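*Asks:* Sequence:
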Amino acid sequence: MLSTLEDYDISPLTGFLPSTPPLRRLPSYYEPWEVLLDNFHDLMLAGRLRSSINKLLILDTNLLKTLAEYRRAFLILSSLAHGYVWNKFDEVSDRLPACIAKPWVKVSDYLGISPIINHASVVLWNWRLIFPDKPFDLNNLATLFTFSNTLDESWFYLVTTAIEGFGGRAITAIMSAILAIKARNNQNLLIALKDISSTIVDINATLQRMHEKCDPYVFYWMVRPYLNGWENEDRLPRGLIYEGVDGNDENGNPIYRKYIGASAGQSALIQALDIALNIEHYPTGVKPKINGHCFMKNYTSENSCLRFESKFNNNNNNHHNNNNNNNNNNNNNNTTQQYSSDENSIKLQQPYLYKIRQNMSGRHRKFLEDLAKVANIRNYIISQTSYDSSITTYSPDEDMEMLQGTNEIVQAYNECLNQMKNFRSKHLQIVSVYIVIQARRNNGNSHSNSMYYSQINKDEITSTQEVTSTKEVTSTKEVTSTKEVTSTKEITNTTNTTNTTKVKTTTNKSIEIKGTGGTNLIPFLKQMRDETMAQEIQNHFE
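Numbering of the sequence shown is given in full-length UniProt numbering, commencing with residue 1 and proceeding in unit increments.
Misleading hints may appear alongside valid ones.
Computed Cβ-Cβ distance ranges for the label pairs, DEER-style [unchecked claim]:
#	residue 1	residue 2	range
1	133	51	38 to 46 Å
2	286	92	29 to 37 Å
3	88	5	35 to 43 Å
4	28	530	50 to 58 Å
5	65	88	34 to 42 Å
6	538	239	45 to 53 Å
7	136	1	27 to 35 Å
8	56	523	38 to 46 Å
9	1	93	44 to 52 Å
10	5	39	36 to 44 Å
11	539	131	44 to 52 Å
12	22	245	21 to 29 Å
13	55	248	19 to 27 Å
With a straight-line Cα cutoff of 30 Å, these simulated DSS-like cross-link-like pairs (lysine-lysine) come out [unchecked claim]:
#	residue 1	residue 2
14	526	426
15	526	514
16	426	514
17	421	213
18	102	88
19	366	426
Because the hints were derived from the structure by calculation, they are not lab data.
A quick note: this is a predicted structure, and the numbers were derived from the prediction, not measured.
In this text, a Cβ means the ideal position worked out from N, Cα and C, and glycines have one as well.
Construct the complete structure from the given sequences, taking the supplied hints into account.
*Replies:* Quick look at the structure:
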């Protein structure tokens, strides 16, 4: 059973964001931390950030009293730590001094989160209202800290913060859907599904605004390096030493820690939507088989498929329940989600998504675990479509009314999936522009990138154009192509099919683009999008 939202540190108004703006200053005892953060950019420019951090005394975290203070401490220590390690004016450091490492680990333990920069520190706990008496809105938000001291970095975080602001609506609708199913109230379920869908529409509209004030070049070269972790990181192959925390191993060698850096996948909101809609994700390159067939479109490698047998038994053989890794079947009317009530099966299905939950606060992580045990929307809808008119006790008119109601529910559920697919397509397009194209250019070609991006119709960034495997990227004013690219030798920008402006750059077409979490970005994100629509329910009543 789910506890109250408050028990999970979730607000019915702001979702996974704090219900009040994050704390902007710690008590005076922690002023040495605050002063360093105040002077972060000046110290970085002067080449004195590391030496200043090295002079810090180890402060006692027991004087932190409130959750807001712990969050603020985590933001400060994360920022100082990543500035120390990834300082662009120094060599990468594989050691974090005890004055940062020890309190950071203690604060992290209190919050139930890994001591690494993450979605929570840069998005959930890194904002303020410009006008406190005005509503929470993207145009009324400012950041508390950025590494680059640029508007671009602030906008990058704040767009995501604004998206998280829809979490209250989304989670409330999810809870309503679960309650409606428990009461077998299809009308309330329909309302809840429409609320979920409309919320994702608003999320997509907000994500589409990323390009407005965040330049791809600034993000990739000036911001993204500080969001890296120390796992799957070539410059820190062994990880990072947290001095004063772990000591040495049996051979007297210092112990290294490895953690994944900040990524959008650490959003509990997006994972909650996946869980609620029973969208299953698998390791990249692996697809499940249902009744001997790969169930996802455009999948060619039969050898990489896993065979999963459907556990859901209904009267219509055209319906398949893909949630089948849990052998326990202690549920009412066979409508409880099968795969997710067993935590081990989640780890098996998509170990990366499960792993990055360690970068969420403990209570948010617990919510996802508990939600997975009760989320049953898809299975319930499938059970409703298993309709046998030969055994009904209703009149023909009542039968038709029931069928129409089921039809509406199926349509509403599929529309939720469609909007999640749109979200992932938009995310892919942003990743293509902000990461893949940037990675394939030389650093010296700076704002020729802006020239490329300025050609994209900024009102229509809805393309599913992705960067996965050709030698040329073509961006049209009406970006509707599903052309996929992975290596860019030449960037061709067109505002129509006859007028072209070419921007030639030196690129490395063999480079593999990885996310800050170490994933092979484009295949990973493409598969997640495809897995979303794989859960679409066939409507037999249209």
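*Asks:* Please name the hints from earlier in the document that this structure breaks, with their numbers sorted from lowest to highest.
*Replies:* none
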